[in-house]
Amino acid sequence: MPTKLETAVANALTRAQSESGKSKDDVMKMAHSFAGKYLKKNGISATDALHRCEFDACERAYENRSSLVRHYKKDHDGKNPEDEE
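So for the sequence shown, UniProt numbering puts the first residue at 1; every next one is plus one.
FYI, nobody ran anything at the bench for these hints, they're computed from the structure. Honestly, I wouldn't trust all of these hints.
[Unchecked claim] Listed next, the in silico DMTMM-like pairs over lysine to aspartate or glutamate satisfying Cα-Cα at most 20 Å (straight line):
#	residue 1	residue 2
1	Lys-40	Asp-56
2	Lys-37	Asp-56
3	Lys-29	Asp-56
4	Lys-37	Glu-59
5	Lys-37	Asp-25
6	Lys-73	Glu-63
7	Lys-41	Asp-25
8	Lys-37	Asp-26
9	Lys-79	Glu-54
10	Lys-29	Glu-54
11	Lys-22	Glu-6
12	Lys-29	Glu-59
13	Lys-37	Glu-54
14	Lys-4	Asp-56
15	Lys-40	Asp-75
16	Lys-74	Glu-63
17	Lys-37	Glu-6
18	Lys-41	Asp-56
19	Lys-41	Glu-6
20	Lys-74	Glu-59
21	Lys-41	Glu-59
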């Protein structure tokens, strides 16, 4: 079952692609706009989509997993909170 975020993205892309005569960049801009409206309408915080650091007292969040991994290496001596369980 898709998450709310996956549903928002799929709906946004489908709606954006239904518009004719648009460049790929324009379609992506439209998709971002539609997704934002869908998330807001359905009470979903955009920050829910972020990759968050799971260490206690660390509130860092990143748009992609590779940035989170880099954060672990730099700020937490390469430790991953999943490894400490």
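Hint-by-hint comparison with the structure:
| no. | hint | result |
| --- | --- | --- |
| 1 | Lys-40 with Asp-56 | 29 Å, violated |
| 2 | Lys-37 with Asp-56 | 32 Å, violated |
| 3 | Lys-29 with Asp-56 | 36 Å, violated |
| 4 | Lys-37 with Glu-59 | 26 Å, violated |
| 5 | Lys-37 with Asp-25 | 19 Å, holds |
| 6 | Lys-73 with Glu-63 | 17 Å, holds |
| 7 | Lys-41 with Asp-25 | 24 Å, violated |
| 8 | Lys-37 with Asp-26 | 17 Å, holds |
| 9 | Lys-79 with Glu-54 | 11 Å, holds |
| 10 | Lys-29 with Glu-54 | 31 Å, violated |
| 11 | Lys-22 with Glu-6 | 23 Å, violated |
| 12 | Lys-29 with Glu-59 | 29 Å, violated |
| 13 | Lys-37 with Glu-54 | 28 Å, violated |
| 14 | Lys-4 with Asp-56 | 26 Å, violated |
| 15 | Lys-40 with Asp-75 | 33 Å, violated |
| 16 | Lys-74 with Glu-63 | 17 Å, holds |
| 17 | Lys-37 with Glu-6 | 14 Å, holds |
| 18 | Lys-41 with Asp-56 | 31 Å, violated |
| 19 | Lys-41 with Glu-6 | 15 Å, holds |
| 20 | Lys-74 with Glu-59 | 15 Å, holds |
| 21 | Lys-41 with Glu-59 | 26 Å, violated |
Checked against the numbered hints listed earlier, the structure breaks hints 1, 2, 3, 4, 7, 10, 11, 12, 13, 14, 15, 18 and 21; every other hint is satisfied.
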